[in-house]
Amino acid sequence: MRSVRPLCAVGALGLAAWAAQYTADQLIARIMDAQKTSGFRTRARLIRTSAGTGAEEVTQLLIKGRREGEAAEVLYQALWPPAVRGQALVVQRRPGHAAGGFFYEPPDSRRPLTAELLARPFFGSDLSVEDLVEEFWSWPSQRVAGREALEGRACYILESRPPAGAATAYSLVKSWIAPDLALPVRIEKYFRDGRVAKRFTAERLLKQAGGRWAAARVVVSPAGGHSRTVLEGTKSERDLLLPAEQFTLEGLKNSLAAATP
Amino acid sequence: MLFLTVVLKNLLRRPARSLLTLAGIAIGVAAVVALTSVAWGFEGSWERAYAARGTDLIVTKVTSQSPMPAPFSESKRAELLRMPHVRQVNGLLSDLVSIEESPTVLVFGWEPGGFLWEHLHLVQGRWPADEKEKTAVLGVVAADILKKGVGSTVVVETGEYTVCGIFDSGALVENGAVILTLPQLQQVTENEGKVNFFNLRLDPGTTPAELEDLRAAIRARFPGFSAFTAGEVAQNNSAIRVAKAMSWATSLLALLVGAVGVMNTVLMSVFERTHEIGVLLAIGWRRSRIVRLILYESMVLSLSGGIAGSALGFAAVKLLQWSPILRGKIEGEVSPGLFAVALSVALGLGMLGGLYPAYRGSRLPPGEALRYE
Amino acid sequence: MEARGLERRFDGGRVQALRGADFVVREGEFVAVMGPSGSGKSTLLQLLGALDRPSGGEVLFRGEPLGAVHDLAGFRARTLGFIFQSFHLLPTLTAAENVQVPMFEMPWPPRERRARAEALLAAVGLGERLDHRPATLSGGERQRVAIARSLANGPQLLLADEPTGNLDSESAGKILDLLERIHAERGMTLVVVTHDPRVAGRARRTLRMLDGRVVSDEDQREGAPCSS
Ligand SMILES: Nc1ncnc2c1ncn2[C@@H]1O[C@H](COP(=O)(O)OP(=O)(O)OP(=O)(O)O)[C@@H](O)[C@H]1O
Ligand SMILES: [Mg+2]
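One line per chain: the protein sequences are H, Y and D, in this order.
The first sequence begins at 1 in our numbering and counts up by one.
The second sequence begins at 1001 in our numbering and counts up by one.
The third sequence begins at 2001 in our numbering and counts up by one.
Read the hints as simulated data drawn from the structure, not as lab findings.
The hints are all genuine.
Incomplete in silico selection of chain H near chain Y, CB under 10 Å:
| id | residue |
| --- | --- |
| 1 | R43 |
| 2 | R45 |
| 3 | L79 |
| 4 | W80 |
| 5 | P81 |
| 6 | P82 |
| 7 | R85 |
| 8 | G86 |
| 9 | K235 |
| 10 | L240 |
| 11 | L242 |
| 12 | S255 |
| 13 | L256 |
| 14 | A258 |
| 15 | T260 |
Counterexamples of contact, computed for chain Y against chain D with all Cβ distances above 12 Å:
| id | residue |
| --- | --- |
| 16 | R1048 |
| 17 | C1164 |
| 18 | P1204 |
| 19 | A1216 |
| 20 | R1221 |
| 21 | F1225 |
| 22 | S1247 |
| 23 | M1268 |
| 24 | L1303 |
| 25 | F1314 |
| 26 | K1318 |
| 27 | R1327 |
| 28 | P1336 |
| 29 | L1338 |
| 30 | V1341 |
Computed from a prediction, not measured in an experiment: that's the story for all the values here.
Even glycine gets a Cβ: it sits at the ideal position worked out from N, Cα and C.
Can you build the whole structure from these sequences, using the hints too?
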């Protein structure tokens, strides 16, 4: 009789472990589901710190998104400093299509997202425009490469590889996904030659009103360690209904004109 | 020689240990002083702001989580004005915004021509001319933090504003703020037609009973809303509530650690002096005097810790006030009352920590204690 | 002062320190208590000083059993003076302060306490050493401070446990002179436990102890044994 209890415990553990097995598709679906909202508005600060001088450059950002059916648009607009004020990146996604969009520069320049633009740094930070546009989780090759605990949190390591001929600087993206948070807590992007290009770390994980988890800070550390960038959310609203007009060239022009003395 | 001399000399016998214990208490008391003074100061600052505005009642949506109540439709203004004793209603929008390089700044949108402006004292420049003008006025502290003067531009969210004036208010919360006209802030935060507070002025001579009736009527008419008096609104602010709860929890913990430290030190010194206590009993000291000796020792220890801790705490508050993140947001209240509280807390700690050692010390049988070497 | 069938057992009866000691000490007497180590001398002194309770028998002071005294601490403070072999001064206090320690039990203001302490220290020849701490005094001086302290509240009975045990013979002699002088001047009862035959030589009476009993009681001055 004595041995029955430990046996049961082992059995239950095994069962729990088995039940918690996720496939790559399930992991991605979990994240996508958790992030789904009709519209959101986030205020954030992008802070780039040079390792050598310790000098900080702050960019104030407004990030807005809206979803209509399966199509989604996200707008990243610089509010400050004055040199970049009003500039905005608009990313448009439709299922079955590569991500599109444009870069807006006041007063009325609209540039398509060319390969050259994608490779450019995003408002002088360690993020590239591609980092905000390219959705590696929709690449065809996704596999769970293992599991690892990060800061005591059980994570799945997801490996995403781009299809041949894709317009991306990366050859592999590894995400450490905590399934219970439905959130990647670390992402590493690799160059074509296999070197780590940059690492993204989610910090200040906070449980939001609806039980959803979000990271209030993302730290971007590029290879070489000469600098790092922190994207820090200061305020966020969800489930908004934002007019489509705000994501167009006309809308951007109008709002800027209205907001300037 | 005074009895206190014996007490003091006993404490000085092991200066390092006494000092360490004293430091332990000082840190505990400093935590209490700093946290409470900030919590009180914050509350006091809001109270002063509301009193200066001449606001009798604040109507807002009850929130549990965010530090700022959610915006709601301005349309309730007309209805509020029709309620008994309500004389004036000013809507306002307030928000914490990260401006330029500074982490967060309080931004107000006030109705042009409303009574809220009346209590501000213009130091420089002028007030916004009308609601169409893209201008902002800055409190003296905000101007200092943001490094702005009259004529410079300040970017609030998507909007760019020319600073047209610098003002001084009696209250730090307002001095650390940026004020736009209500329509401008509504537009730039995409809250058109919305406010998150109403400030009400009532008829002079409204009695407390009538005030209570009015509050009940407002709650009944607008479910989910609450009407606070100036003193209560800060108490009901979730951020202040959290800060206070945290300050209590931290203080309690710090004090507990302090009390255990005192107890440990005094108990150790009692054990070390077992023999000496036997001698004191042999030469005629009463047990009650032994109790007093040990209690006094622990109380002197904790009282000096309390004094050092209060000084440390006030210094910490001053430091906090000038830290970049909190500058212009907190105002420590350094009151004699708090000092008294801190000292009585320390004294209480000493009593608590000394009671058991004193009991142990006084229970020693004198003969036995004498043999003990 | 009288001891009647005094017994004291320790460790649940396994150690019998006193096995029925009987004697009488008259007021104003100078009595030496001698005996080999472990014969129960210190135990006896503690019982006489009400620092310990007897397991059997009783101690009477002026006819009243100590067991019936209500305020033993007050009795010790006002009536008794203790002198120990190793002085037992408080190391942090000066000589004058040490002498004042017992005075807290008396209703005297600080100024009077200080004045009395100075007078007592002068009386034991330490008028120049008032503000010295024990560590800066010699053994003999320390014992003199201890004697001054034992006299602080004007005791009627002085109990000394090997007061010269830790001193060289010269200092011991001076301490004995001092005790003798104090006894003569102040007329209190003096009981001295000692191994030193010279002490016994100065006492009027010597009680000899062996195995927890008083085995002899001799009155030197009169040269005749005194039965108790
Ligand atoms: N508290 C105690 N617990 C146990 N035994 C004790 C205690 N006090 C005294 N004794 C024992 O009682 C006996 C008498 O002790 P006491 O100290 O009275 O002897 P003494 O005559 O003073 O010896 P000495 O000359 O060495 O000081 C000794 O055997 C001692 O071990
Ligand atoms: Mg002895």
